[in-house]
Amino acid sequence: MSTDLTVSGPARRTPAPPGRAPRSGARWHAAKRKRLAFALPAGIFLLVFSFFPLAQLARMSVSDVTARTLNQPWEFVGVDNFVGSAAQGSLFPTLGNTIAFVLIVTIIGLVGGLAAAILLSTSNLLSAFVLGLMVFIWALPPVVNGSVWKFLLGDAGLINSVITGVGLTQDAVPFLYDDRFALLSVAIVNSWAVVPFNALVFRAGILGIPAETFEAARIDGASRWQEIRYMIIPAVRPTTLVLAVLTIVYAFRSFDFIFVMTYGGPGVSTNTLPFLSYLQAFVRFDFGMGAATAVISVLLVLVLAVIYARSVRAEEANS
Amino acid sequence: MAVKSARNSRIRAFSLAGGAIAVSAALALTGCTPTSSGGSAGDSDTITVWHYFSDENQVKVMTDYKDLFEKNNDGVTVENVFVPYDQLNSKLITAVGSKTGPDVVVFNGADASALALGGALAPITEQWGAFADKNQFPEAVVHSLEDDVYAVQGYVNLLGLWYNQDILDEVGVEPPTTMDELNAALATVTAAGKSGITLSGLPQSQGEWQAYPWLTSFGFNYDKPEAAPLEDAFTMIQSWTGSGSLTREAVTWDQTVPFQTWAAGNVAFAQNGNWQLGTARSDADFKYGVVPLPVGDSGKVYLGGEGQSIGAFSANPELAWDYLEQTYFSEEGQAIALSGVGSIPSRLDAASAPEVTEDPILAAFAQSLEQNGANYPSPAVPAVSIADQQLVVGQIWSAVIGGQMTPAEAATKLVTDLEQLLAQ
Chain F
1 MSTDLTVSGP ARRTPAPPGR APRSGARWHA AKRKRLAFAL PAGIFLLVFS FFPLAQLARM
61 SVSDVTARTL NQPWEFVGVD NFVGSAAQGS LFPTLGNTIA FVLIVTIIGL VGGLAAAILL
121 STSNLLSAFV LGLMVFIWAL PPVVNGSVWK FLLGDAGLIN SVITGVGLTQ DAVPFLYDDR
181 FALLSVAIVN SWAVVPFNAL VFRAGILGIP AETFEAARID GASRWQEIRY MIIPAVRPTT
241 LVLAVLTIVY AFRSFDFIFV MTYGGPGVST NTLPFLSYLQ AFVRFDFGMG AATAVISVLL
301 VLVLAVIYAR SVRAEEANS
Chain L
1001 MAVKSARNSR IRAFSLAGGA IAVSAALALT GCTPTSSGGS AGDSDTITVW HYFSDENQVK
1061 VMTDYKDLFE KNNDGVTVEN VFVPYDQLNS KLITAVGSKT GPDVVVFNGA DASALALGGA
1121 LAPITEQWGA FADKNQFPEA VVHSLEDDVY AVQGYVNLLG LWYNQDILDE VGVEPPTTMD
1181 ELNAALATVT AAGKSGITLS GLPQSQGEWQ AYPWLTSFGF NYDKPEAAPL EDAFTMIQSW
1241 TGSGSLTREA VTWDQTVPFQ TWAAGNVAFA QNGNWQLGTA RSDADFKYGV VPLPVGDSGK
1301 VYLGGEGQSI GAFSANPELA WDYLEQTYFS EEGQAIALSG VGSIPSRLDA ASAPEVTEDP
1361 ILAAFAQSLE QNGANYPSPA VPAVSIADQQ LVVGQIWSAV IGGQMTPAEA ATKLVTDLEQ
1421 LLAQ
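Here the protein sequences line up with chains F and L, keeping their order. In terms of this note's numbering, the first sequence opens at residue 1 and continues consecutively. In terms of this note's numbering, the second sequence opens at residue 1001 and continues consecutively.
None of these hints come from the bench; they were simulated from the model. Ideal placement from N, C-alpha and C gives every residue a C-beta, glycine not left out. Be aware that a few hints might be false.
Claimed, not checked - A few chain L residues facing chain F, derived, Cβ under 8 Å:
1. 1202
2. 1252
3. 1395
What the hints assert, rightly or not - Heads up, simulated EDC-like pairs for lysine to aspartate or glutamate below, C-alpha to C-alpha not over 20 Å straight-line:
4. 1194(L) - 1285(L)
5. 1194(L) - 155(F)
6. 1413(L) - 155(F)
7. 1134(L) - 1318(L)
8. 1287(L) - 1358(L)
9. 1066(L) - 1079(L)
10. 1066(L) - 1332(L)
11. 1194(L) - 171(F)
12. 1066(L) - 1325(L)
13. 1091(L) - 256(F)
14. 1134(L) - 1331(L)
Just chain L, same shape as in the assembly (with noise of 0.2 Å):
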């Protein structure tokens, strides 16, 4: 009877132990199995995109892909998924490992070689080779690593000199063109009571990008890092900061913000993109314009915007690359961007359209890509370099816009480092 019980009670136990990892088990798979949002969902009539745009103008673009992508292909369904900039890239490396991912990413194009490094796009070297409008794209747009191509841009983005035309009416100055013209202008407003220019200081990769034109105005250049050009620039900008043209809470911001602040009419110029002309068009409610960023012959602009490319666990490649090429890719598709958000198309057929020539607003883009347009990143950097010099020269720009550091300081750190990252 003793022995009965206690095999009875050796049964109840299994049995309870086994229903609890069953449970547990079924908890967990619950929770790791991919969703149909958020990875490739192996269904071949769905492809899934993922993108970091928040603003309303740019969700519109990728809503309007999917409607013309569905409208062309019966039966199709795109799943536009957005996942934070900040975190992205570590989605993309990390899924990876799970063999997991999207079909479809729409990243920063300057990350391209971190990605491709990490496993997480696919090469789309053979779909690029057979596309029959490859040529109209200029090879700065086109992202490849040890011979693959990886990603390519169906549009450019650049930084331009907005301005607030009301205030400059009011102070009676014209837009400037140099550098000097620039300074004036900023003292001119200043003392007026109005704020002189909104800008991000944020200490990462897009305040990286938004130094650069500042620091190659005054000879700065990755090939041969050198400190007296970088110490001038940043003693231009802490002039700015010191006056009250630039207010040091840039520091906290990324690039929505600034342009936000200065749509709201008391600041005079905005360093900021084309992409912004959609929230211009809709919230700048006076007079405005751009002119190229005034930084001299030696000043560069990076050519940017976003990579488009495969996801190297894509459960549809080939929907994915119909997708590419009908949506950013195509005439169509630019002129969508083009107009949604001011992106100016990579095509050489839609560059050269009306709506881009004959806009006040992109022409100046146009211009500043045509003078200062530089490949981002720096081809100086080595590809396993680029996270790491971004960071570095964000963190620097950073700490000499919040008055953390001198700009002989700065300098110093700066080159010093850049030196270790560029040797790599």
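Next comes chain F alone, as it looks inside the complex (with noise of 0.2 Å):
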């Protein structure tokens, strides 16, 4: 007996012909139990490693939990994480910190990813060992990654050498250690290491395109803007709303390369909401304000989790 999982929800539950109903409910109550039967390691799994963890800090989030008391019983103490990390005027300077950060890297992210995919959809030589180095990139650890950068925006940097060597500025750009610029050059590296996954995925869209339309289009005396402007983007716009939503929530739970980079500093000019709870929580040992901050960003990537959800959906009904 097989059953073929891949049909889709309504053909399943096309009602049996009359006089062969008891055998063909038996039949689809016992495929139903096996789909479960198969969907409960993975329910089991989600169970253990993600919805007891959001419970427990949901639980962390409303309670006095500290070095002290987080091996005993939790005392409920409503909100008061959440008005103590508020009054302790942490919270909205790295609010509006986030909101600069997930806007630098979901542009630059976006941007860049779908030009690198527009240079690269070409297939040759050059374009799959460059397509080889950004998958390198995109795969290397983000610590390793923020430690190389580090060092190539220091003062005796690369990247200073060559700005100081031609002559743009005198003195050395203080990227890593001047408020104004801090958490733009986080922000560019974090996008440097989106830039490749977006690239692979807007590539995939632009191969999509049938190669008669373009030579249609160039027959008609299209420019390479024009195919861009009036055949690619329109062709790419399903998959920009995923990868929005997807760069989006990235750039709003980075954590490493600030850790690495600049651990929040100067000051606290680069601590983002995730890094905020880090210090909240493993710094201070105050594990019921690192928990409530950790909530605040849980709710806002939910927001963006159900957004795309919603434009997958929208996309599959589509296509």
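The two chains are supplied separately, each in an independent frame; assemble them into the complex guided by the hints.
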């Protein structure tokens, strides 16, 4: 007996012919149970490793949890942790930093990804090599990536050597230690790390456009810019929406680059919500307050996740 | 027939589900089981030692301790496990929930209270009380909480002012002994096109550790924090960054980077510790020396260093104590740290050895210890506020060096924040 699991929902629910109902009903129930059996391990995994930690996080955010009480019963304190975090004055500036960070990463990540995809949408040896390099960059651990960029952006690093060498400025640019540049620098490095992924996805979308369409456009005298404006951009619009949400979520939860490159400094000028949460929970050992900040992040990401799910569903319906 | 088929399919479905659950559980358990290198293995002949040393010379001391203990105890294995500095405390405290952790832990001594409060350290009151050589150790290196001893420091680390003799000779400057002399020396050195001083401005505990001598030199103390001395200290630091004596890039440096920068040879001074002696010997290709930080009579220099303790869930606490007794707390073990990285022994007999008193570098640190040494952390800071206080001071120290805050703003904010923390 075999069951086609790829059959879509409505098809599976097609009523059985009269007279064969009892037997078909039993078979349908058996098939359903089997499907549930297959889904059970993933469900348990999700429950244990996703829902349980989230529930614990929510509980911790409304409890007094410190190094002393972490392994004891947690006292319920309501919204004290949220209020305390806001009262300390770090929450709202950090929220502002997070929004600026997300905007920079999303804009550069998407525009850079699309530009790279358009440039690499040809099938030749050079584009294959560059694509391979980009996958390598994408696969690099953020800690390694961040350390390399911290070195490159230092006063005596490659970037400043080039800038001062060609005479753009006399003094080194304070990429990571001036509050006007630090957040921007870390955000650009973060964007640089996400461009390869976006480029790969955009490229798949561009390669999906039939070659005949381009040929027809060229016969009609379309320029390269017109091809991009009127063919490529409309074709990748659904992909862009999905990638935008993924990039925003990626930027929103970014922690590693800030940890390695600035540790939130100078002062607190590159603190974002995930990093503030880390400082509260794992440096100050106020796990309750750290959880409260994390819950705010989760809620914001949850909104984006809903948008993502709806956009994916809309795209599937259209296709 | 239909009933049999349904039953068969049900059996198959349950078999599949059971198999899938078993595989999932096996995978999950494989990922969850503590490894021998990551926690207490439960093997009576093996002890794990967690530390955060990445410097080559400091790692060698750990290896020498391992060799020493294994040589003196047949069949015993010591596993040294590196945990990054920023992760060590959180790993120790979160491991308490699963009742795991190392047999021995070597950590920043200032964090002893936080770790003890978190239940990560085992009290060693009994072992310490029965230790024959305990009178060799000054009270300042024994970390206690609520009448229990939790950690002891096998050595003392403190900051001094390293200088590049070649640069000072070139510009005709003597190693400074007062703050005025230091400021004059920095001005002369900078005018000659050299860099003045390196230090760490990282916005965390390392920044606070480095800031403390300069803040106290203007009369600041944690017993009664006042804005005026802080503002004076911050004004001086910003005069250094303004003149180019100190690079603002220091806000991204931990304590290792500024010393390596100084050791490269183009910087006159480095505010750094005695533990860098091994690095200076191996990397500095110029004549160098150390003088106490010129912080005057009111200035204080923290007596820091790593605390050594037994993990709360050590599988073999007796062997762990033997390890501490025979390495960190023994005269022989302290001599290893002294020769390897220049750590000043905490034992009185080891500290009075000719290797310390006749070495000009270590003698300068010993002089600073005697004149300006202060408990780390300050006893005025409540145990529950130590982590907060270090972070807050480190962040403001970073903001001052980075030019993000004016001295007056920084001083006012720091006093406001500290008053809340000290009142807890």
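Hint-by-hint comparison with the structure:
{"no.": "1", "hint": "1202", "in the structure": "holds, 6 Å"}
{"no.": "2", "hint": "1252", "in the structure": "holds, 5 Å"}
{"no.": "3", "hint": "1395", "in the structure": "holds, 5 Å"}
{"no.": "4", "hint": "1194(L) - 1285(L)", "in the structure": "holds, 16 Å"}
{"no.": "5", "hint": "1194(L) - 155(F)", "in the structure": "holds, 15 Å"}
{"no.": "6", "hint": "1413(L) - 155(F)", "in the structure": "violated, 30 Å"}
{"no.": "7", "hint": "1134(L) - 1318(L)", "in the structure": "holds, 17 Å"}
{"no.": "8", "hint": "1287(L) - 1358(L)", "in the structure": "holds, 18 Å"}
{"no.": "9", "hint": "1066(L) - 1079(L)", "in the structure": "holds, 8 Å"}
{"no.": "10", "hint": "1066(L) - 1332(L)", "in the structure": "holds, 13 Å"}
{"no.": "11", "hint": "1194(L) - 171(F)", "in the structure": "holds, 15 Å"}
{"no.": "12", "hint": "1066(L) - 1325(L)", "in the structure": "holds, 13 Å"}
{"no.": "13", "hint": "1091(L) - 256(F)", "in the structure": "holds, 17 Å"}
{"no.": "14", "hint": "1134(L) - 1331(L)", "in the structure": "holds, 12 Å"}
Of the numbered hints listed earlier, the single one contradicted by the structure is hint 6.
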